[in-house]
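Below, each chain spelled out in residue letters.
Protein chains: 2
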Amino acid sequence: MSKKLTKRSEDYSKWYNELVVRAGLAENSGIRGMMVIKPYGYAIWEKMQAQLDKMFKDTGHQNAYFPLLIPKSYFSKEAKHVEGFAKEAAIVTHYRLRATADGKGVEVDPNAKLEEELIIRPTSETIIWDTYKRWIQSYRDLPILVNQWANVMRWEMRTRLFLRTAEFLWQEGHTAHETRDEAVKEAEKMLHVYADFAENFMAMPVIKGVKSESERFAGAEDTYTIEALMQDGKALQSGTSHFLGQNFAKAFDVKFLSREGKLEYVWATSWGVSTRLMGALIMTHSDDNGLVLPPKLAPIQVVIIPIYRKDEQLKQISEKVDEIVKKLKAKGISVKYDDSDNYKPGWKFNEYELKGVPVRLAIGPRDLENGTVEVARRDTLTKEIVPMEGVDAYIENLLTDIQKNLFEKARKYRDEHITQVDNFDDFKKVLEEKGGFISAPWDGTPETEEKIKELTKATIRCIPLNNPTEEGTDMISGKPSKQRVLFAKAY
Amino acid sequence: MSKKLTKRSEDYSKWYNELVVRAGLAENSGIRGMMVIKPYGYAIWEKMQAQLDKMFKDTGHQNAYFPLLIPKSYFSKEAKHVEGFAKEAAIVTHYRLRATADGKGVEVDPNAKLEEELIIRPTSETIIWDTYKRWIQSYRDLPILVNQWANVMRWEMRTRLFLRTAEFLWQEGHTAHETRDEAVKEAEKMLHVYADFAENFMAMPVIKGVKSESERFAGAEDTYTIEALMQDGKALQSGTSHFLGQNFAKAFDVKFLSREGKLEYVWATSWGVSTRLMGALIMTHSDDNGLVLPPKLAPIQVVIIPIYRKDEQLKQISEKVDEIVKKLKAKGISVKYDDSDNYKPGWKFNEYELKGVPVRLAIGPRDLENGTVEVARRDTLTKEIVPMEGVDAYIENLLTDIQKNLFEKARKYRDEHITQVDNFDDFKKVLEEKGGFISAPWDGTPETEEKIKELTKATIRCIPLNNPTEEGTDMISGKPSKQRVLFAKAY
Chain A
3 MSKKLTKRSE DYSKWYNELV VRAGLAENSG IRGMMVIKPY GYAIWEKMQA
53 QLDKMFKDTG HQNAYFPLLI PKSYFSKEAK HVEGFAKEAA IVTHYRLRAT
103 ADGKGVEVDP NAKLEEELII RPTSETIIWD TYKRWIQSYR DLPILVNQWA
153 NVMRWEMRTR LFLRTAEFLW QEGHTAHETR DEAVKEAEKM LHVYADFAEN
203 FMAMPVIKGV KSESERFAGA EDTYTIEALM QDGKALQSGT SHFLGQNFAK
253 AFDVKFLSRE GKLEYVWATS WGVSTRLMGA LIMTHSDDNG LVLPPKLAPI
303 QVVIIPIYRK DEQLKQISEK VDEIVKKLKA KGISVKYDDS DNYKPGWKFN
353 EYELKGVPVR LAIGPRDLEN GTVEVARRDT LTKEIVPMEG VDAYIENLLT
403 DIQKNLFEKA RKYRDEHITQ VDNFDDFKKV LEEKGGFISA PWDGTPETEE
453 KIKELTKATI RCIPLNNPTE EGTDMISGKP SKQRVLFAKA Y
Chain B
3 MSKKLTKRSE DYSKWYNELV VRAGLAENSG IRGMMVIKPY GYAIWEKMQA
53 QLDKMFKDTG HQNAYFPLLI PKSYFSKEAK HVEGFAKEAA IVTHYRLRAT
103 ADGKGVEVDP NAKLEEELII RPTSETIIWD TYKRWIQSYR DLPILVNQWA
153 NVMRWEMRTR LFLRTAEFLW QEGHTAHETR DEAVKEAEKM LHVYADFAEN
203 FMAMPVIKGV KSESERFAGA EDTYTIEALM QDGKALQSGT SHFLGQNFAK
253 AFDVKFLSRE GKLEYVWATS WGVSTRLMGA LIMTHSDDNG LVLPPKLAPI
303 QVVIIPIYRK DEQLKQISEK VDEIVKKLKA KGISVKYDDS DNYKPGWKFN
353 EYELKGVPVR LAIGPRDLEN GTVEVARRDT LTKEIVPMEG VDAYIENLLT
403 DIQKNLFEKA RKYRDEHITQ VDNFDDFKKV LEEKGGFISA PWDGTPETEE
453 KIKELTKATI RCIPLNNPTE EGTDMISGKP SKQRVLFAKA Y
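Protein chains in written order, with our numbering: chain A, 3 to 493; chain B, 3 to 493.
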């Protein structure tokens with residue numbers, strides 16, 4: 003790392019972009035809106051995937067894989083879905099290239115036009131319900147609890163690494179049930195799984211809630227969401243779980259013979275999180291020195307750097323380090339010993355700080371004499387000299403402590419940024435000066451919601467689960483409001 | 003399972019298709035040439051992925067992710083590559099749909115035409131080397147050892163589940179090196195990794211070799227391959243590793259400052275295996291009763307089925323089974339207890355046989371009295387009564403034994419189906435009557451190779467590694483041959 007990152011206070015957006023690239027997480031490719039996820043970034047995503055996949059399987063789900071390309075006509079089958087998803091999409095129209103007349107390049111072969119265009123999946127409800135029609139005859143075939151890890155494509159005009167890209171990676175769960183009640187419970191269950199993952203692995207506090215009608219997934223009867231707050235006061239929708247009612251079953255004519263011997267439409271859910279979570283992770287914890295990673299998702303949890311002048315010293319240090327590495331690995335802690343001689347320790351310190359490695363050990367000749375080691379923690383940027391003896395147990399506790407501290411810090415920030423307001427002047431003032439979530443009365447109409455969005459760019463992020471009723475007055479319409487809802491500007 | 007599978011001896015191809023669908027591995031989707039990988043099939047693929055991924059990481063590789071869509075012009079940069087890969091491909095030409103005039107459907111918006119068409123990746127050399135250009139300046143940036151797990155698309159006209167589908171899943175390693183020697187070693191190393199995986203996990207013997215020029219990957223200087231033999235006497239190319247020379251570095255202008263301070267082109271490899279391995283796995287071991295899985299890749303290694311009349315009996319059996327399950331899980335063995343009352347034991351026996359579960363335990367009231375359990379192995383279809391006491395250790399050994407037995411059986415078959423011939427009449431006779439690999443002299447020219455392919459459909463599968471030299475006469479041209487090579491009809 004040659005020069006410092008732009009400071010968050012100077013330009014948050016620039017800081018984010020620089021950090022993503024320089025920490026080796028992702029970069030723009032030569033194709034508009036499509037990113038390359040670099041090895042270090044992908045390693046974090048793999049840790050997320052592994053944990054989520056375990057949680058899905060622990061709740062009874064299995065993985066499967068469905069086609070990338072979906073016939074255009076499938077989208078027209080569900081009226082709302084087509085509006086939401088069949089617009090900005092990548093469309094395959096031909097299946098062959100041929101050499102150009104000059105022999106120097108290739109061009110689309112006009113004779114190889116598809117009868118029906120195929121859309122690169124923006125989400126897979128349609129192709130999956132087309133498949134479920136073949137899988138479901140009777141209640142004995144239910145529930146179907148299937149998840150897919152896949153790439154999807156939405157032709158976004160304004161893109162930002164991880165947060166909004168034309169292609170992104172995600173998982174999409176698609177379940178089929180006998181009853182409304184069972185499907186609603188499934189949608190709620192997966193919301194809790196997402197919240198558990200966000201809070202206990204990403205160390206990112208979230209508010210669980212339900213979306214207003216206009217923010218719902220296209221084709222859903224209800225969309226549940228987890229909403230997180232970024233350091234710049236903007237909200238980030240981090241995961242959604244949809245109760246789809248019988249909409250897709252009706253669109254694709256999927257009926258089952260019920261226990262009562264009647265033909266009924268199947269009930270459905272879908273739920274997903276994506277590489278967007280990488281953006282959420284970065285913006286929840288990182289600082290002006292670079293990435294800050296919660297230990298549970300850090301590809302490297304501990305880095306050890308030798309401080310030496312002579313080769314003889316390096317040799318002695320390395321012997322000690324080998325012992326420490328062995329002990330740490332035995333505890334399941336991932337550790338990297340960076341004894342490369344390309345770079346000086348100072349450079350390495352900066353580099354691993356930039357990459358968000360939770361704990362750094364430095365060992366020099368004096369440490370060998372004294373039986374000590376320098377331990378630096380990334381979250382607080384503090385250092386301590388601790389005895390070499392038992393340093394593995396010390397680090398194990400420290401990692402737990404860092405994980406907890408990151409969550410608490412983020413929760414404190416989030417809680418301080420939920421502001422109650424009762425009139426639109428205060429609303430605008432808080433939105434402008436403080437940011438964060440604003441808890442305000444709402445008359446429940448899309449008109450008011452739209453008006454607020456138009457005037458301030460803030461949207462209703464969610465109606466929190468178990469929201470208390472509270473008599474109030476809508477800020478815009480002056481009509482009665484039965485509860486407060488959470489507004490925010492959002493990514 | 004209501005009716006029996008078609009027998010292999012009746013119609014091998016029909017047997018394969020029926021097995022794939024009825025064992026719950028995959029099925030055709032509503033889109034031509036694209037398959038749905040069903041949960042049970044995907045679970046096997048996940049086991050393959052997990053093991054391969056571990057082997058890649060153990061050999062120093064990291065995962066990353068590159069864009070799905072590649073600009074058309076990228077393909078024209080490497081002359082041979084464009085011929086091999088830019089022809090039958092899915093081509094994205096537009097990025098928006100709009101409502102039709104009658105409001106009932108959607109159509110491609112002619113105003114949303116891309117300036118340059120994008121190709122769904124058939125393989126990623128071009129987009130990756132376009133990226134590596136940004137990553138590589140000096141020898142310090144080398145080697146790059148990166149792998150990608152991804153979906154790819156090749157517009158195949160004749161498709162078969164797993165073996166040849168328009169979309170398939172695979173991994174593609176792409177490495178960059180300072181020297182020719184290092185790149186060649188990498189390509190060879192990954193060939194050995196593939197062979198190790200095939201033999202020790204899939205229990206599928208393979209011949210390691212190098213491809214003749216006409217069978218090489220488009221853009222490679224050498225293609226290494228592992229070739230397996232299916233039960234119908236046809237070969238199946240199961241994995242390839244390519245030494246790409248400096249071809250892609252030259253096409254994308256990727257140079258590095260060498261240790262000697264000179265600007266040089268980077269050396270490259272790429273290597274991949276795909277969901278085709280599922281087809282190979284199925285056709286290597288399975289029988290007329292269904293799938294046969296090697297224990298190391300079986301999602302369920304042991305199934306336990308209770309045999310009972312009365313609920314009281316089931317209760318007693320279940321108590322015993324709980325103990326066994328606990329002990330098996332402690333040994334890392336995956337086990338399913340199927341006490342569902344939807345189906346009779348006989349139905350379950352057939353079903354788990356169809357699904358290839360390596361070991362089946364059946365426990366009835368008499369077993370409880372005698373302290374025994376019936377153990378059936380899928381590979382030999384034999385049964386034994388063994389003492390309940392210590393059955394976990396018994397099964398652990400049995401799984402090892404089954405894994406070994408499957409490999410030995412397949413190796414014996416393969417070895418018996420390598421036939422040496424010296425003239426074209428014998429060649430045709432063996433090919434027709436016996437099948438398998440034919441070891442025959444070859445003059446080394448593409449003309450002879452082409453002639454044989456034209457006349458018999460057999461191709462040179464490989465020139466085995468460390469092939470002995472042997473003076474001989476080419477079967478077609480009558481010219482001198484310096485070594486035997488392996489011919490076969492292939493999938």
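Hints may contain errors.
A pair counts as met if it fits within one copy or between any two copies, since identical chains are not told apart.
To be verified - Within a straight-line C-alpha distance of at most 25 Å, the following computed DSS-like cross-link-like pairs (lysine-lysine) qualify: (1) K455 x K236; (2) K79 x K411; (3) K56 x K484; (4) K453 x K331; (5) K210 x K322; (6) K115 x K89; (7) K491 x K115; (8) K455 x K187; (9) K491 x K264; (10) K59 x K106; (11) K406 x K329; (12) K481 x K187.
Hints listed in this document are in silico derivations from the structure and should not be mistaken for laboratory results.
Hints versus structure:
Only within a single protomer do K455 and K236 lie at most 25 Å apart by alpha-carbon distance; the minimum there is 14 Å, versus 65 Å between protomers. With identical chains, the CA atoms of K79 and K411 are never at most 25 Å apart, being 47 Å at best within one copy and 51 Å at best between copies. For the homomeric pair K56 and K484, neither the shortest alpha-carbon distance inside one copy (40 Å) nor that between copies (55 Å) is at most 25 Å. In this homomeric assembly, K453 and K331 never come within 25 Å of each other (Cα to Cα): the closest approach is 56 Å inside a single copy and 59 Å across copies.
Taking the shortest alpha-carbon separations for K210 and K322, neither the intra-copy value of 48 Å nor the inter-copy value of 43 Å comes in at or below 25 Å. In the homo-oligomer, the alpha carbons of K115 and K89 lie at most 25 Å apart both inside one protomer (21 Å) and across protomers (13 Å), since each shortest distance falls under that limit. When the C-alpha separation of K491 and K115 is checked against a cutoff of 25 Å, the pair qualifies neither within a copy, at 44 Å, nor between copies, at 33 Å. For the homomeric pair K455 and K187, neither the shortest alpha-carbon distance inside one copy (31 Å) nor that between copies (60 Å) is at most 25 Å.
Proximity of K491 to K264 under the C-alpha cut-off of 25 Å is found in neither arrangement, the shortest distances being 47 Å within a copy and 53 Å between copies. Taking the closest pair of Cα atoms, K59 and K106 never come within 25 Å of each other, the shortest separation being 51 Å inside a single copy and 40 Å across copies. Taking the shortest alpha-carbon separations for K406 and K329, only the intra-copy value of 23 Å comes in at or below 25 Å, while the best inter-copy value is 35 Å. Neither within a single protomer nor between protomers do K481 and K187 lie at most 25 Å apart by alpha-carbon distance, with minima of 33 Å and 75 Å respectively.
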